[in-house]
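**Student:** Sequence:
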Amino acid sequence: MSAAPDIDGNNLDAGVVEEICGYLTEAPPRSFFLFAGAGSGKTRTLIEVLRRLTGVSEHEKGGHFARNLRMYGRSIRVVTYTKNAVAIIKRRLGDNDLVGVSTIHAFCWELISGFNDDIRAALVSLKEQKHAQDTAEGLAKPRGITPAKQRDLDKLQADIDDIKQIEKFIYHPDRDTYGPGALAHADVLSATAWLVGNRPTLQAILKDRYPVVLIDESQDTIEGVLDALLSVAEPRGNGLTLGLIGDHRQRIYPEGHDDLPSHVPSSWATPELKMNHRSQRRIVTLINDIWAANLEGRTQPATGVKQHPRSEKDGGIVRIFVGHNELSDDEKVAGERWCADHMREATSSATWDSGYQTLALEHKLVATRGSFVDVYEAMDLLDSNASAPSGSMEKTGPAAARLLLVELAELEACVGPTGTLDEFRATEVLRRHKCLEAMPDDELSRTSRIDEMLSALRAFAAACSSPTSTVAQAIQPILDGRIFEVDGRLLEAFADKSPPPPVPKKKSEEAKVDRLRRGWCDLFSAPWKQLQKYRTYLAGGSVLATHQVVKGSEFSHVMVVMDDKMAGAKRFYYDKIFGGLALSGTDTCAFSM
Numbered sequence: 238m239s240a241a242p243d244i245d246g247n248n249l250d251a252g253v254v255e256e257i258c259g260y261l262t263e264a265p266p267r268s269f270f271l272f273a274g275a276g277s278g279k280t281r282t283l284i285e286v287l288r289r290l291t292g293v294s295e296h297e298k299g300g301h302f303a304r305n306l307r308m309y310g311r312s313i314r315v316v317t318y319t320k321n322a323v324a325i326i327k328r329r330l331g332d333n334d335l336v337g338v339s340t341i342h343a344f345c346w347e348l349i350s351g352f353n354d355d356i357r358a359a360l361v362s363l364k365e366q367k368h369a370q371d372t373a374e375g376l377a378k379p380r381g382i383t384p385a386k387q388r389d390l391d392k393l394q395a396d397i398d399d400i401k402q403i404e405k406f407i408y409h410p411d412r413d414t415y416g417p418g419a420l421a422h423a424d425v426l427s428a429t430a431w432l433v434g435n436r437p438t439l440q441a442i443l444k445d446r447y448p449v450v451l452i453d454e455s456q457d458t459i460e461g462v463l464d465a466l467l468s469v470a471e472p473r474g475n476g477l478t479l480g481l482i483g484d485h486r487q488r489i490y491p492e493g494h495d496d497l498p499s500h501v502p503s504s505w506a507t508p509e510l511k512m513n514h515r516s517q518r519r520i521v522t523l524i525n526d527i528w529a530a531n532l533e534g535r536t537q538p539a540t541g542v543k544q545h546p547r548s549e550k551d552g553g554i555v556r557i558f559v560g561h562n563e564l565s566d567d568e569k570v571a572g573e574r575w576c577a578d579h580m581r582e583a584t585s586s587a588t589w590d591s592g593y594q595t596l597a598l599e600h601k602l603v604a605t606r607g608s609f610v611d612v613y614e615a616m617d618l619l620d621s622n623a624s625a626p627s628g629s630m631e632k633t634g635p636a637a638a639r640l641l642l643v644e645l646a647e648l649e650a651c652v653g654p655t656g657t658l659d660e661f662r663a664t665e666v667l668r669r670h671k672c673l674e675a676m677p678d679d680e681l682s683r684t685s686r687i688d689e690m691l692s693a694l695r696a697f698a699a700a701c702s703s704p705t706s707t708v709a710q711a712i713q714p715i716l717d718g719r720i721f722e723v724d725g726r727l728l729e730a731f732a733d734k735s736p737p738p739p740v741p742k743k744k745s746e747e748a749k750v751d752r753l754r755r756g757w758c759d760l761f762s763a764p765w766k767q768l769q770k771y772r773t774y775l776a777g778g779s780v781l782a783t784h785q786v787v788k789g790s791e792f793s794h795v796m797v798v799m800d801d802k803m804a805g806a807k808r809f810y811y812d813k814i815f816g817g818l819a820l821s822g823t824d825t826c827a828f829s830m
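Taking the numbering used here, the leading residue of the sequence shown gets 238, the next gets one more, and so forth.
Be aware that a few hints might be false.
As the list claims (entries may be wrong) - Straight-line C-alpha distance at most 27 Å; calculated DSSO-like pairs for lysine-lysine:
{"#": "1", "residue 1": "Lys392", "residue 2": "Lys802"}
{"#": "2", "residue 1": "Lys327", "residue 2": "Lys367"}
{"#": "3", "residue 1": "Lys671", "residue 2": "Lys744"}
{"#": "4", "residue 1": "Lys367", "residue 2": "Lys744"}
{"#": "5", "residue 1": "Lys802", "residue 2": "Lys378"}
{"#": "6", "residue 1": "Lys569", "residue 2": "Lys405"}
{"#": "7", "residue 1": "Lys742", "residue 2": "Lys378"}
{"#": "8", "residue 1": "Lys378", "residue 2": "Lys734"}
{"#": "9", "residue 1": "Lys569", "residue 2": "Lys601"}
{"#": "10", "residue 1": "Lys320", "residue 2": "Lys298"}
{"#": "11", "residue 1": "Lys392", "residue 2": "Lys378"}
{"#": "12", "residue 1": "Lys743", "residue 2": "Lys802"}
What the hints assert, rightly or not - Quick list of the computed label-pair ranges, beta carbon to beta carbon:
{"#": "13", "residue 1": "Asn622", "residue 2": "Asp717", "range": "26 to 34 Å"}
{"#": "14", "residue 1": "Arg446", "residue 2": "Gln537", "range": "46 to 54 Å"}
{"#": "15", "residue 1": "Val780", "residue 2": "Gly416", "range": "30 to 38 Å"}
{"#": "16", "residue 1": "Thr507", "residue 2": "Lys743", "range": "43 to 51 Å"}
{"#": "17", "residue 1": "Asn562", "residue 2": "Gly474", "range": "54 to 62 Å"}
{"#": "18", "residue 1": "Val750", "residue 2": "Ala650", "range": "46 to 54 Å"}
{"#": "19", "residue 1": "Asn531", "residue 2": "Thr507", "range": "35 to 43 Å"}
{"#": "20", "residue 1": "Gly474", "residue 2": "Asp733", "range": "53 to 61 Å"}
{"#": "21", "residue 1": "Asp495", "residue 2": "Asn531", "range": "32 to 40 Å"}
Keep in mind the hints are simulated off the structure, nothing from the lab. Bear in mind the structure is a predicted one, so any value in this text is a computation, not a measurement. Glycine included, each C-beta is placed from N, C-alpha and C at the ideal position.
Whenever a hint applies, use it, and build me the whole structure from the sequences.
**Tutor:** Written out as structure tokens, the structure is:
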């Protein structure tokens with residue numbers, strides 16, 4: 238652990254930068270886990286460490302370290318969770334050719350890009366493991382493998398057969414890719430984890446390029462990738478040194494380890510940032526008290542560092558308002574306005590008139606309040622991992638629905654309030670998406686094709702400007718006119734006019750193909766106008782924000798809205814968390830599992 242510095246007040250962490258520099262310049266270097274809680278200044282600490290190790294700031298051992306990196310053509314790699322964080326680190330660090338900064342997705346693709354045979358082997362192996370596991374689980378049940386489970390197994394086997402035929406894989410870390418060999422973000426992460434753990438050549442490439450890898454927000458880094466890197470970094474001195482930076486108490490994505498400190502080898506250094514420079518004293522005290530509490534059914538150990546507020550951070554006002562969740566949406570919004578008025582009186586701050594941030598803890602609550610719940614629930618059926626926004630802004634909705642979320646969003650922007658199509662702007666959209674490259678050569682056919690496309694665009698403009706149009710009605714002319722390249726899954730689902738499967742009964746098993754069919758049917762029948770609101774939500778622009786989107790941001794005034802009825806929570810209730818309802822026997826069993 239960090240040696241206690243002989244400094245009081247706001248400078249408890251003054252020695253941490255030099256402590257980390259010491260670990261990385263030892264012979265051999267020592268991996269570390271830096272506990273960096275909320276508001277602890279971890280980005281500032283990271284930047285200063287990088288400056289010293291790359292010779293930007295004067296440092297004897299750091300200068301020697303930088304010369305060795307340059308001599309062998311190597312660099313330090315910083316991996317963080319969001320593109321926003323990448324931009325912040327790069328801006329603060331400035332030009333530095335000895336440091337590479339990227340998201341985890343970009344880092345992984347750099348490692349495996351071009352190794353098509355290995356990627357294929359990884360994906361096939363992972364899906365075969367999944368197939369074997371699901372088969373064993375089905376056979377172990379009293380009813381054996383149900384028809385629904387068999388349909389999922391058949392689809393999984395078909396996916397395996399398709400992957401074996403792919404010659405080249407394509408991917409882009411900042412957007413979805415389409416077509417033969419296109420990889421989803423999750424595929425790249427899982428394939429990288431498998432390859433790092435099973436291909437010594439890739440391990441050697443990793444060590445040769447990046448002898449030091451620093452992972453920010455490590456508590457949210459996907460388990461498989463992190464575990465693979467941990468295995469390569471051991472034993473100490475084998476060519477790869479890791480630095481994990483984060484706070485397992487702030488984990489908000491299920492892909493990360495729920496108790497990261499327990500996975501850190503005992504030989505690693507564990508420096509600590511003890512300050513919270515951001516929050517008021519009462520908030521820091523609350524954080525410490527919650528984490529140290531002996532809660533009934535607690536499964537995580539109370540590991541972590543007690544935080545200390547800055548000496549001048551001794552203000553702030555917190556209020557809890559309780560209302561009836563049976564009220565209408567309009568009544569609830571009015572109630573929140575009433576709460577804001579009372580906060581304005583309590584704080585004497587005019588910011589509570591309109592300048593505060595409203596935060597929701599459930600995506601369905603945002604969708605309900607934002608009047609796009611039909612589209613959101615349909616997208617969630619299609620791909621629950623991509624239906625909601627994230628801080629990385631890499632979740633841009635289900636890949637199969639890209640036409641609705643990208644191309645048609647751009648095309649809709651060319652339509653005026655009365656349904657008039659701006660043909661010049663629409664042509665630019667078509668040109669941008671390469672829709673005009675396959676035009677016929679002869680003049681007669683070319684003119685006919687232009688008329689056909691223009692007719693389709695005008696029909697789309699009329700449909701999307703009508704307040705009663707469904708998604709199906711809006712996209713029909715676009716599909717009939719063959720305007721854009723469309724994902725085959727959307728085309729197949731749209732051509733299928735069979736009714737949706739019934740909603741499964743509680744605790745009953747639903748095949749994946751049935752869930753997808755329900756999602757497509759619900760999406761096609763949803764109001765078209767909801768799509769624009771859904772796109773705004775994916776971009777993080779909804780009035781109600783979620784904690785995944787605003788994580789790491791700072792606001793002077795925040796209202797958090799929790800509503801059991803509108804949130805649609807299935808695993809917990811806010812009333813129970815706050816003591817409004819007693820825990821049931823089922824709750825107690827779930828907590829103790």
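**Student:** Now tell me, hint by hint, if it's right for this structure.
**Tutor:** Do the hints match the structure? See the list:
no.	hint	result
1	Lys392 <-> Lys802	35 Å, violated
2	Lys327 <-> Lys367	39 Å, violated
3	Lys671 <-> Lys744	47 Å, violated
4	Lys367 <-> Lys744	22 Å, holds
5	Lys802 <-> Lys378	34 Å, violated
6	Lys569 <-> Lys405	53 Å, violated
7	Lys742 <-> Lys378	18 Å, holds
8	Lys378 <-> Lys734	34 Å, violated
9	Lys569 <-> Lys601	15 Å, holds
10	Lys320 <-> Lys298	31 Å, violated
11	Lys392 <-> Lys378	20 Å, holds
12	Lys743 <-> Lys802	18 Å, holds
13	Asn622 <-> Asp717: 26 to 34 Å	31 Å, holds
14	Arg446 <-> Gln537: 46 to 54 Å	35 Å, violated
15	Val780 <-> Gly416: 30 to 38 Å	36 Å, holds
16	Thr507 <-> Lys743: 43 to 51 Å	45 Å, holds
17	Asn562 <-> Gly474: 54 to 62 Å	58 Å, holds
18	Val750 <-> Ala650: 46 to 54 Å	34 Å, violated
19	Asn531 <-> Thr507: 35 to 43 Å	24 Å, violated
20	Gly474 <-> Asp733: 53 to 61 Å	59 Å, holds
21	Asp495 <-> Asn531: 32 to 40 Å	19 Å, violated
When held up to the earlier numbered hints, the structure conflicts with 1, 2, 3, 5, 6, 8, 10, 14, 18, 19, 21 and fits the remainder.
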